[in-house]
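Residue numbers (numbering that gives the first Met the number 0), protein chains in the order written: chain A, 0 to 218; chain C, 0 to 385.
If you're looking for bench data, these hints aren't it; they were derived computationally from the structure. Just so it is clear, the structure is predicted and the values come from calculations on it, not from any experiment. A virtual CB, placed ideally from N, CA and C, is assigned to each residue, including glycine. Treat the hints loosely; a few may be bogus.
Stated by the list, open to error - Per label pair, the in silico range of CB-to-CB distance:
1) A:Val1 x C:Asp86: 51 to 57 Å
2) A:Glu72 x C:Thr19: 35 to 41 Å
3) A:Val51 x C:Glu220: 54 to 60 Å
4) A:Val1 x C:Ser58: 35 to 41 Å
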Amino acid sequence: MVQRIVAVTAGLSVPSSTRLLTDRIVAATRELAKARGDQVQVGRGQELQIDVVELRDLAQDIAAHLVTRFPSERLAQVLEGVSTADGLIVVTPTFAGSYSGLFKSFFDLLEPTALAGTPVLLGATGGTARHSLMLDHAMRPLFAYLQAEPVATGIFAATDDFADAGLARRIDRAAGQLVAAVGANACTTYAAAAEDVPAPAQSELSAVPDFRDLLFGKR
Amino acid sequence: MEFGIFTVGDVTPDPTTGRTPTEAERIQAMVTIAKKAEEVGLDVFATGEHHNPPFVPSSPTTMLGFLAAQTSTLKLSTSTTLITTNDPVKIAEDFAMLQHLAGGRVDLMMGRGNTGPVYPWFGQDIREGVNLAVENYHLLRRLWREDVVDWSGRFRTPLQGFTSTPRPLDGVPPFVWHGSIRSTEIAEQAAFYGDGFFHNNIFWPLRHTRQMVQLYRERYEHHGHGRADQAIVGLGGQVFMRENSQDAVREFRPYFDEAPVYGHGPSMEDFTAQTPLTVGSPQQVIERYLTMREAVGDYQRQLFLMDHAGLPLKTVLEQLDMLGEQVVPVLRKELDALRPADVPAHAPTHAELVAAGADSANAHVLPSVTVQQDSVVDDALQIKGA
């Protein structure tokens, strides 16, 4: 079974410090999953796949979706991938004390419960450390609303932090928490499957109501 | 195969001149466009229903009654009639009256199609949208099919010994379509009763339309109305044509870029690639619309949105000439040749429903096949003989 983590990164420039932070988190997550593979669930007969999604590449698709209310083919694929991921890494630059508008617009396009129960690692970049509380003032409430499960350690990287060994330690700690949460969720899934609990509907079209239930008041 | 046009009745400034038509001009233009549709050999004219500016068609049966007097072959329909915020008693009466005036040239399409603020204007709650569509439509069916109705439900005052008048023409209610874009409940509703299902796909990629139509077809068969491929399906479409495709692109682009719905969003090239909007020569339109059948199967009705986004009346009438003379005859011939003999070629006409008689599925309130198995049926929903 493949465990799949998607890293969503919202940096706007090329190269971007947000992408740089994302790549470091992805690399640490991959290393930790491999190292823990023998002890923890992720890696034991399982493969960890990490996909990186650059929102910059999807900026026009995201804006068009907001206007037309349907996604382009490639945006639909990305939304599906994020909705079905076992874990997420989300990283945004800090704009005006919060996540960027592009970042929020992307998550606005997900179905309201698409991330329910999904472990999420929160990351952000900013000019100075005085913005670092945006992780807890802005990002955590957003993902709480989406019923996701943010891991305890958030990673804020101010420009200075890229020269600081402390950042690497925080990345390792957060990545470890994400790997553990994804692994724990995998165990839960197996337990549920063993008891024949039906899997939640993947798509709105897979849940067909029976009209008699609607008509005869079982609504 | 039936072809027609459907209008939303938007009053939109012409972006190339900045001029906005008056409501009177727009309403008269809709009448002219509908009459032109008959003249160029189209089968159906359908009007939307809206209760907020910039739209004018708040009173579809008034407009369709006026058109009934000035046309002779055109089927008059809606796109859509709001089953959520209209009183089903009034819908039953209005459309029965229209049937009599139009000599049976009437069908209609149910929709929820309301923005949130419209619900409270008519005393309803958008959170009950699907439930309103379910209960109100069921009452509407009974009002058309039973001479005397006792009713109590969640959403309107009870009825005791009520008879809606006039009774449907020849005792046969109009054929009903259910329009839905995303709600599986509505596709299921259409399938349950054996009514038509219209997917207004004009802003949606074909892959989504395919899924919704497929769902309706499967459930149509499940509920015992016939094979999935015999279910009654309609699709939306929109086109802009000139003999030379580059002329079409150049002329339509300002209207596209400023259109109320998709303007300022994707480029026209992206949008035409992803949705049924086709801007080009009549031949390109023909080729594009032949692919719809490949996605959804043989279907019965194709409606085009032609008069929107501020296009001048003169242009719209030229478009209808091209549609009627160059596009529809070819599509009709090609699609009719491909359709198996036992798949309906069009939505049932009044004459066909009359001929089908009292035992036909359309004459029943509930489809007997899947409901008879149900032992616990709410008394309020019981009908005589079911």
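Structure-based check of all given hints:
The hint said 51 to 57 Å for the Cβ distance between A:Val1 and C:Asp86, and at roughly 55 Å that hint holds. Restraint check, A:Glu72 to C:Thr19: a C-beta distance of roughly 36 Å satisfies the suggested window 35 to 41 Å. Roughly 44 Å separates the CB atoms of A:Val51 and C:Glu220, a value that falls outside the hinted 54 to 60 Å. For the hinted restraint 35 to 41 Å between A:Val1 and C:Ser58, the CB-CB distance of approximately 58 Å leaves it violated.
Hint compliance for this structure: hints 3, 4 are not met, and every other hint is.
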